[in-house]
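Q: Read off the chains here:
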Amino acid sequence: MPAINAFNAGNVSKAAREPGHNQASKVFDLAEMSLRELNQALHNLTTGSNETAWEVLHPRGSHSVAVGVDQPVAIDVRGSVGYYCGGMNDGSTITVHGSAGPGVGENMMSGQIVVKGDASQYAGATGRGGLLVIEGNASSRCGISMKGIDIVVHGNIGHMSAFMAQSGNLVVLGDAGDALGDSIYEARLFVRGKVESLGADCIAKEMRPEHLELLQRLLDRAGVTGVKAAEFKRYGAARTLYNFNIDNADAY
Amino acid sequence: MTYRNPPTTPRKSATFDDYTLSEIRRAAATGIYDIRGAGAKRKLPHFDDLLFLGASISRYPLEGYRERCDTSVVLGSRHAKKPIELKIPITIAGMSFGSLSGPAKEALGRGATLSGTSTTTGDGGMTEEERGHSKTLVYQYLPSRYGMNPRDLRRADAIEVVVGQGAKPGGGGMLLGQKISDRVAEMRTLPKGIDQRSASRHPDWTGPDDLEIKILELREITDWEKPIYVKVGGARPYYDTALAVKAGADVVVVDGMQGGTAATQEVFIENVGQPTLACIRPAVQALQDLGMHRKVQLIVSGGIRNGADVAKALALGVDAVSIGTAALVALGDNDPRWEAEYNELGTTAGAYDDWHEGRDPAGITTQDPELMKRVDPIAAGRRLANYLKVMTLEAQTIARACGKNSLHNLEPEDLVALTIEAAAMAGVPLAGTNWIPGKNGF
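Line by line, the protein sequences give chains A and B.
Residue numbers for the first sequence follow my numbering, so the first one is 5 and each next one is one higher.
Residue numbers for the second sequence follow my numbering, so the first one is -4 and each next one is one higher.
Worth double-checking, as some hints may not be accurate.
[Said to hold, decoys possible] In silico DSS-like links for lysine-lysine, alpha-carbon gap of 30 Å or less: (1) 76(B) / 30(A); (2) 232(A) / 120(A); (3) 187(B) / 290(B); (4) 187(B) / 209(A); (5) 237(A) / 209(A); (6) 7(B) / 82(B); (7) 38(B) / 237(A); (8) 130(B) / 7(B); (9) 38(B) / 434(B).
[Said to hold, decoys possible] Derived contacts from chain B toward chain A, CB cut-off under 10 Å, selection only: (10) 19; (11) 27; (12) 138; (13) 188; (14) 208; (15) 209; (16) 213; (17) 214; (18) 373; (19) 425.
Hints are computed from structural coordinates only; laboratory data are not their basis.
Idealized CB from N, CA, C, for every residue including glycine.
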């Protein structure tokens, strides 16, 4: 796996970026407090709040950790999470120091989510903006129905990824499983490794200079080093299914 | 002199009737299945097959217009911090911006607000027209997630997780290129003019256990304020209702096969799902078996047309009904005043169902800027409000005659069925007998 830069958390305090318990972060221990209290505290944040660094301890696979956050705060989750971590995130920077269950960053609007471990199914499903980085592997249906989000997976992704993907970019440093980009619309897929098979209406496409530039920017934003944009292949819609044609019926 | 045999009258087949023959010819000519809007058009057991008994020596009536007959209903009291309170138990079903024009959505909002009830978004996100003009707005959470965002989720009054709809349980949405205007395309993050096929399954959950986790997420995002509805098509109403309750729903919406759609395959509309009448008792039974009847509210839709239908649904144990097709008719859909234009489209007022083509003469199921001008949102909203008022008064008339001071006090014992089928489905006796098919071993 390629080397990773310490990820850039923007205007977040240095303390928030340092691993382990520290005084500068607001600490929420899910072994002692409820999920409801955590999410309510995050939703109570207002623009300009000084509480910009949060740390969540003992998530122990909890679902819906840090969902619906709409302030530019940094949230470090020390452990693995269940379903929908960072769901509908709008501006916060969430780092999961562990693995994530299904639907991490689903419908993200903006901001950034980094999963240090692996991600289960539907990572970044229907995401509209922001950046989702999976430093391990992502399971099936990664980027399903994505609508503008950028997803960078350092490892491999499973089958049916980018199904009906409408917009945004999916970057995979490893391999992709079966039926990549089935029924894809206008999303762009960049895969460095092998693609098991392409789904209906998804084809390999020419990598033009603007794509190389876009991909390089994404790799930089995701803290990927030692990997060149030129090592990837681009995939996208053949656009043959955009308007119904009876001769394409087998593909539907 | 020659004898001629008397000719027989030409006889058309009941099996191969005119419609069937025309459909075979159409399929042979085009090679594509027929797509249309609306719900099942075939004859089905329905509320018309039920009658109220009214008052008698053992049941005394309330005075019409004088004695109170409550129509209000609270939805979402199970878990939501802010349940919805409606003045009437008739809501407006989900219909998308995209399938409907902006003025039509605004008219629905105006009419519902005048009547003290709610409207529902649809598979196209929340528009300002509808949010602005609907005092109470239910925001649908659909497989496509078009336009879904946390801001709209929080400014909704309730959230409806749509698993299916009666016209097409197991089918996704469909919006053909003609209706994908710039604005519709932008709201759906899709290129203009393409045929848009919505997913039939949610992208990030499958099955009842996942649904429970999904509902938790939606509650957490909205701080447990909003009632969460789960809408299912009339497929397996007993189990779907039970599983929705188990997953944490505040309200279950069951949509029978007469419930409309903006567009799907004719074969789907007419052959998949169960009639509304067949869905109600199993759904109510599921709630009763779980001890959740009246705690989790049940909304039923699909072919509700008048106050008698409302009263019958409520008598069978439903908390509220929802109307879609009827609301569009109140706005002006299929109005005979446009007959010449319907004829040009190869149809007639009352039969027009090619809503997906976007050429609606009434300006309702279209994105054509000229056609949609035909809908005056204020006047159309007023018509919807009038219609809702009539339905409510009709339901109250029946309830008072049955001696009930609230529509929700109507009960199955107030009903009989005209047919054995309806008696079996509704679980009420066949008129003139004490026979309920399927009960007591018969």
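Q: If any of the earlier hints don't hold here, list their numbers in rising order.
A: The structure breaks hints 3, 6, 7, 8, 10, 18 and 19; every other hint is satisfied.
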